[in-house]
Structures are given as structure tokens and as C-alpha cells.
Amino acid sequence: MKINAAIVGVGASKFGRFMPDTQLAMAAKALKEALDDSGLERDEIDGLSMHMGWPLGLDYDSVAEGLGLNIRYVNQAWTHGRFVTNTLQHAALAVSAGLANVVACVTAISFTRERDILGGPGDMEGYREGGGTHGEAPHYGLTSPAGGAALSMQRYMKLYGATSEKLAAVPIQIRQHALQNPDSVMKEPLTLEAHQTSRMVVDPLHLFDCCLMTDGAVVTLVTTRERARDLKQKPVAIAGMQGIRSGRDEFIFAPPGLGIGQQPATNIRSRPIDVEVFEAAGVTQSDVKGVYTYDAFSPLVLFVLERYGYCGEGEAADFVQNGAIGPGGRLPVNTNGGLLSEAHVAGWNHIREMTRQIRGTAGPRQIPNADVLQWGTVWGDSVILTAD
Amino acid sequence: MSFKQGITAKPRPRITPDHQPLWDGFKVHKLMLPYCEECGKPHLPPGPVCPYCLSDRLDWREASGCGTISTWVEVHKVWFPAFADDVPYNVIQVELAEGPRITANLIDFGGKIEVGQKVQATFDDVDEDLTMLRFKPA
Chain P
1 MKINAAIVGV GASKFGRFMP DTQLAMAAKA LKEALDDSGL ERDEIDGLSM HMGWPLGLDY
61 DSVAEGLGLN IRYVNQAWTH GRFVTNTLQH AALAVSAGLA NVVACVTAIS FTRERDILGG
121 PGDMEGYREG GGTHGEAPHY GLTSPAGGAA LSMQRYMKLY GATSEKLAAV PIQIRQHALQ
181 NPDSVMKEPL TLEAHQTSRM VVDPLHLFDC CLMTDGAVVT LVTTRERARD LKQKPVAIAG
241 MQGIRSGRDE FIFAPPGLGI GQQPATNIRS RPIDVEVFEA AGVTQSDVKG VYTYDAFSPL
301 VLFVLERYGY CGEGEAADFV QNGAIGPGGR LPVNTNGGLL SEAHVAGWNH IREMTRQIRG
361 TAGPRQIPNA DVLQWGTVWG DSVILTAD
Chain E
1 MSFKQGITAK PRPRITPDHQ PLWDGFKVHK LMLPYCEECG KPHLPPGPVC PYCLSDRLDW
61 REASGCGTIS TWVEVHKVWF PAFADDVPYN VIQVELAEGP RITANLIDFG GKIEVGQKVQ
121 ATFDDVDEDL TMLRFKPA
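If you read the sequences in order, they're chains P and E.
Residue numbers for the first sequence follow the numbering used here, beginning at 1 and rising by one.
Residue numbers for the second sequence follow the numbering used here, beginning at 1 and rising by one.
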């Protein structure tokens, strides 16, 4: 089966901290905005791909019931960075296979109310049978996704001579993008000094290496490319996809071969299996005008640049210097301001931004001729979006 | 057992039947590893089968306790109230001489932790039900 799918509408609630709205209220606002954006009617949505649900949010049935949807295809993930991509991919697969005509990818997050789950005594993810996914060891006091990113960055620094000062180039440039986005929660420039003097969270990660904890919803509408051409907006084609890479070669917050957890320590950072998405989309890295990634922690951006072959093993900390990933840089990353500075809507705020970029409606953030963009995560799944 | 258990006390390890021999070993101050009797490889975390060849024939054998720090972190944020007096504290991953890596912490060291540092297992009897693995410089 060939993938035949396009993003035809995006909508969002307001993003912020301690938002008064329920998850369902934020989802309703995002859905209405996405419908308005696409020109579709609510009754045309017959599929739901959920990137929310227990333990952080509502499941598909509450959302369908609350928003008055009549659904014949559901994919249910839970609010976890690992499941952004496959939530979008399930939508693409469902419309390609005819299981649904229009799939709404829904996320609505209230992290400021639910944050106790993200580390400490309330971290049931880290305390479940067999343990958490980020290297958690609660009995040694290691908890929270931040710990996993820190484990990887510490070894990376030692192996390749990267420093916290070099790493700071990531959040500083992503903040520069954010300052051009009125939806961004962070409104002030980030300086190297502010980064370096910010409190240490888990060495080697400073406060500004860690993303925001915010509330917000995004709805993304997916249908076939044929249908997309008849709708209101310039279609954004899902041109190629690859799934999560998993096995003993992988640790969620490390590139292949870094040697975290049970990963083999090798000097091979980008394997053929890591770059299949480019062939699937009929493009190469040099065609990609911007990279979008799950920047929950600044090291993840470095690891993504190496996994997808934008630079070699151990080279990313140098690659990102001198404005390379910032506004007007040679490879802009997360032009919306990312999870680090726009808001943590799990990456769906990035998908919304990619849609705007390909439509050419990103305003002051517009990448010239943004016809090919990559969404790719540190755990290896990816989607290439193109102008149809 | 509630996941909120760590509010006043440090969290206890969650020991599944697959992990039990590891923790039983700590109690008698031995670092035990599950070896596959088919392919000969040890693995961690302890699983019900050999992850390399899927054999059920596992044999727990005492390991040397020698290893190298493969990575480490120092936790500054007080995520667990019960660790408030300990911050900042370290957590290390150790690549054992036998190959698999294990998470623990480093004690009795001179203030500096390095990737590549040689370490030796030591055992801390927390109470009559729990002995924790820790490492000290070799």
C-alpha cells in the first residue's frame, strides 16, 4: 500500500501555563480552528488518532462523545513524545487504506496540572513493572525524562569534547525562533550567560536545556491527497515515513551507538535504517529546508542531527554553532520555538508550524521555498512533509 | 504498594520475579548475572529469556563486580522529598567487565566522577529486607 495522505487543516488552543480550560475545552477550540482552517465540516471527520489518554488525559471515547464526533476508526496512543509520530502515521495509514476519510489527530495537554507524574513520587511511569523508558532508577533517586537526556549528554561530552556552552547554542537559537512567534510562551531572548547561570537540574543539564511545562491543544486533520487538492488550503503531503526503531541498539534519548543503557558503543551514528525516510519521500538531506524535532531537552537536537546524517558522529555540537539552526541559518530547527520556547504541545505545535511553512504562511519565520521539511525524533521515527 | 510511597521514604526497588535473583545476590553481597546456557552471554536488565537467542535456559553466576563508568549524572533538583538532604547526588551507569551495564551510584570517591573510571561493586545493607548495590573507585 502506498501512503496517500496530506495534512489539510491545523488548529490550536491558546498555549500557556496554568490554563483554566479543561483538556476537552482546549481540544474543542483546536478542533473548531482546524475545521475552519481546512474548510471541512465536523461530520466529515470519521477517524480519530489520539495522542492523549490515560494517565495524563482523556481517551478517544470521551473526546468523540464530548465533541459530537461519529468515528469508525480509532488509534489510541498516550501523551508521550515517543507516540507523536506514530499518531500522525496511523492517520496517514488509515486514510490510505480507506479505513477513514478524514482523521483528526488530537492532543490536549494540561502538563501544569499533571506535572507530578513527570518525576518524583508521582512518576508511575518510572515505577511500573520493568521500569521506565528513560533509564529511571527511583531507588537511586533517578527519575524523570530529564535524567535520561542527562545520561546521554554526559557521555557525549566526554567522548566528543562537547561542552555545556556549545550545547547552549541549541536553546538560544530555538529561543530566537520563538521570539518571532506570537504564540510562544517565552518572550525574552536567551543569552549564553543566562543559560550558564541557570540552575542545574540534573548535571549536565541546566534549566534552559529542559523544555517548558505548559497546557495546550492542537488538532491536525489528515485526508487523502486527492481530497486535499479540493480543499481550502494548499495541501501538505505526507511524502515519506519511517517508524520507531527499537531493540537493544536503542535508548530513547540517545543516538545509535552512544552506549547508554544496553546500547552497543559504536562509532556508527547514522545507519541505513535511520535514513530510509528520505528514499521513501524521494528526497535527500540536502533537499530538506528545515528540521523539526521533539526538543524536550537540548541534547536531543544534537542527536537527531547525527542520526539522520546531517552531520557525522560527534560533530553536532559544532554543527549548531554560529547560527546554523536559528533564523536564517543553513538548517533551521523548530522555527516555531519548539518545546523549549514556544510550548510543550508534544510536538504537534511543530507539525502545525511545518504546515504553515509549507503553505508559505509562517510570517516573519518563513523559510524561503520551504517545500521539503523533516519531522524526525531521536528514537528514530520520521515523517517528511512536502508541498504537493 | 502505592506509587506515592516515596513521599516520606526513599522509593524501594520494584523487584519482579525476573529481577529477584539479582536482589537476592545483593543480600549476600554478590553481584549475580543471568548467563545464557545456550549462547553463553550474560544480559541485563534480567529478563525471562536470553534476549540474544531467546533461550529459557538461564544460569545465574557471580560476576567479578569490576566495571567502568559508562556515564553518570548528578541530580540537583529535589524530585523526591526523601532525597532532599542528599542533593546533589550521583547516579552512574557501569559497564561491567562481563559486558552488561547496570545503574547504581558511586560512593567513597574523591569528588570527581569520570566516564571511563574503574569501579568495584560494594553492598549497602539498608535494612533486613534490602541491600543496595553501590560502587566505589577500584
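In case anyone wonders, no lab produced these hints; they're calculated from the structure.
Incorrect hints may have been included.
Computed spacing ranges between beta-carbons, pair by pair [as the list claims (entries may be wrong)]: (1) P:62 x E:51: 31 to 39 Å; (2) E:54 x P:309: 40 to 48 Å; (3) E:99 x P:32: 51 to 59 Å; (4) P:315 x E:51: 45 to 53 Å; (5) E:86 x P:232: 43 to 51 Å; (6) E:37 x P:62: 48 to 56 Å; (7) E:118 x P:315: 27 to 35 Å; (8) P:273 x E:28: 51 to 59 Å; (9) E:47 x P:32: 41 to 49 Å.
For lysine-lysine, the following DSS-like pairs were computed, each having C-alpha atoms within a straight-line distance of at most 25 Å [what the hints assert, rightly or not]: (10) P:232 x P:32; (11) E:118 x P:166; (12) E:118 x E:136; (13) E:27 x E:10; (14) P:32 x P:14; (15) E:41 x E:118; (16) E:136 x P:158; (17) E:118 x P:158; (18) P:166 x P:29; (19) P:29 x P:232; (20) E:27 x P:158; (21) E:136 x E:112.
Glycine is no exception: its CB is placed at the ideal position from the N, C-alpha and C atoms.
Quick rundown of the hints versus the structure:
Remark: the range hint 31 to 39 Å for residue 62 (chain P) to residue 51 (chain E) is upheld by a beta-carbon distance near 38 Å. Take residue 54 (chain E) and residue 309 (chain P): their Cβ atoms lie about 32 Å apart, and the range 40 to 48 Å is violated. Evaluation of the 51 to 59 Å hint for residue 99 (chain E) and residue 32 (chain P) yields a pass: the beta carbon distance comes to about 55 Å. Between residue 315 (chain P) and residue 51 (chain E) the Cβ separation comes to about 32 Å, which falls outside the hinted range of 45 to 53 Å.
Hint check: residue 86 (chain E) to residue 232 (chain P), Cβ distance near 57 Å, so the stated range 43 to 51 Å is violated. Judged by the Cβ atoms, the range 48 to 56 Å given for residue 37 (chain E) and residue 62 (chain P) holds: they are separated by roughly 50 Å. A beta carbon spacing of about 29 Å between residue 118 (chain E) and residue 315 (chain P) agrees with the range 27 to 35 Å that was offered as a hint. The supplied range of 51 to 59 Å is broken by residue 273 (chain P) and residue 28 (chain E), whose beta-carbon atoms lie about 43 Å from each other.
A C-beta distance of roughly 48 Å is found between residue 47 (chain E) and residue 32 (chain P), which places it inside the suggested range of 41 to 49 Å. With a CA separation close to 15 Å, the supplied pair residue 232 (chain P) and residue 32 (chain P) stays within the 25 Å bound. With a C-alpha separation of about 28 Å, the suggested pair residue 118 (chain E) and residue 166 (chain P) falls outside the 25 Å cut-off, and the hint is violated. Proximity of residue 118 (chain E) to residue 136 (chain E) is assessed by CA-CA distance (about 9 Å); at most 25 Å being required, the pair is judged to hold.
Annotation: proposed proximity of residue 27 (chain E) to residue 10 (chain E) holds, straight-line Cα distance about 18 Å (limit 25 Å). Restraint check for residue 32 (chain P) and residue 14 (chain P): satisfied, since their Cα atoms lie roughly 13 Å apart, inside the 25 Å limit. With a CA separation close to 22 Å, the supplied pair residue 41 (chain E) and residue 118 (chain E) stays within the 25 Å bound. Among the hinted pairs, residue 136 (chain E) with residue 158 (chain P) is consistent with the structure: their alpha-carbon atoms are about 20 Å apart, no more than 25 Å.
Pair hint residue 118 (chain E) plus residue 158 (chain P) holds up; C-alpha atoms about 15 Å apart against a cutoff of 25 Å. Only pairs whose Cα atoms come within 25 Å are accepted, and residue 166 (chain P) paired with residue 29 (chain P) is rejected, the gap being roughly 40 Å. For the suggested pair residue 29 (chain P) and residue 232 (chain P), the alpha carbons sit about 19 Å apart, so the restraint of at most 25 Å is met. Between residue 27 (chain E) and residue 158 (chain P) the CA atoms are separated by roughly 34 Å; this puts the pair beyond 25 Å, and the hint is violated.
Taking the CA atoms of residue 136 (chain E) and residue 112 (chain E), the gap is near 12 Å; set against the 25 Å cutoff, the hint holds.
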